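Asker: Heads up: the sequence shown begins at 541 in my numbering, then just goes up one per residue.
Bear in mind the hints are in silico, worked out from the structure with no lab data behind them.
Note that this is a predicted model, so its numbers are computed, not measured.
Each hint should be verified, as a subset may be incorrect.
[As the list claims (entries may be wrong)] Derived DEER-like restraints, expressed as beta-carbon distance ranges:
#1 S658 with H821: 44 to 54 Å
#2 K806 with C829: 24 to 34 Å
#3 V619 with D746: 17 to 27 Å
#4 R791 with Q614: 40 to 50 Å
#5 Y659 with K867: 18 to 28 Å
Yeah, the Cβ is synthetic: ideal placement off N, Cα and C, and Gly gets one too.
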Amino acid sequence: MEAPVKTSLVDDLCTKASSTDGIVKIEARADEKRFICDNCSEAFSEKSLLNKHFCCHTREKEYSCNICGKSFSQKYHLVIHSCTHTKENPYSCDVCNQTFSERSKLFRHHLIHTNEKSYSCDECKKGFYEKSLLNRHYLTHANDKPYSCDVCIKDFFTKSNLRQHYRTHTNKKPYSCDVCKKDFFTKSHLNGHYRIHTNERPYSCDVCNKCFSHKGHLNNHYRIHTNERPYSCDVCNKSFSHRGQLCNHFRTHTKEKPYSCDVCNKKFSFNHKLTDHYRTHTEEKPYSCDVCHKNFSQKSNLNNHYLTHTNEKPYSCDVCKKEFSRKDSLKRHFRIHMEEKS
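Just need the whole structure built from these sequences, with the hints factored in.
Answerer: Structural data, given as structure tokens:
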């Protein structure tokens, strides 16, 4: 596949040009982008736009925030930044009423409702909301992963993916929810988390009408209807419906434990196991029973506890049909039959 060619000029431009202060001006029709940056060849329809762009090369930042002192090359960027202090979100979605600090974020959000995908891959025909997402997708066809983690040697298509992955080793979570203070590795995870507080579920299954807060959750849910398991382990050939399930399973072969507790250095194969373990140090019990108000450090423990109120026993012995409320109780019971056989 040939890489997309980036063109900076439209056709039929005349070759006569003059250069002054880093600006190349080419005479052309009024609707053409005739102001060209001689550093990167990007074209603009107005000289004022080119002058704004030129700041990215000179690194001049004349606009400064009077609250935190951060500087910006363009006034518009300072206005956007100011919203992080004021928490002002002046742009509102007319479909779900969610608000945004930037017009561009509102535009991208609106595509969720319209399902408009203007950019299509000419290899596999997959559609994308934004051109940047399409360009990133092209790398999956090139099969080139030039960025490698120096801790676990895992390779990545983009530098940003490597940077995000590296946080799994450092456990650095720079993005924090201003509602519940939960921290996240990536901004996209934080944005998705916000929907827990807003209860927004813009993605709907056209089979059973169940709604989801994330498109990935909807895609995973679809496989319940199709029984599709596209992710296969190349060691034991076991198949999975989710990529995350395959990644977790693969560690049963490699015995890899990339998640480490920064208190006692104990290592874990899965991030959620580290999170659960960490509560043994903090003594945090965030899961509460709404019947008796008993608190638990893990959600699974709360689910098991609920069965004491409902008297439900979902685990049954296939030898003697005795029922149990917990899976570990069934396993202990099953040893009785194993000893009888021996």
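Asker: Take the C-beta atom of Y659 and the C-beta atom of K867, compute their distance, and say whether it sits inside 18 to 28 Å.
Answerer: violated (47 Å)
Asker: Regarding R791 and Q614, is the given constraint of 40 to 50 Å on their beta-carbon distance met?
Answerer: About 46 Å separates the Cβ atoms of R791 and Q614, which means 40 to 50 Å holds.
Asker: In this structure, is the beta-carbon distance linking V619 and D746 contained in 17 to 27 Å?
Answerer: About 40 Å separates the Cβ atoms of V619 and D746, which means 17 to 27 Å is violated.
Asker: Given a hint of 44 to 54 Å, does the C-beta separation of S658 and H821 actually sit inside it?
Answerer: holds (49 Å)
Asker: If I claimed the Cβ atoms of K806 and C829 lie 24 to 34 Å apart, would that claim hold in this structure?
Answerer: holds (28 Å)
Violation of the numbered hints given earlier is confined to hints 3 and 5; the remaining hints are satisfied by the structure.
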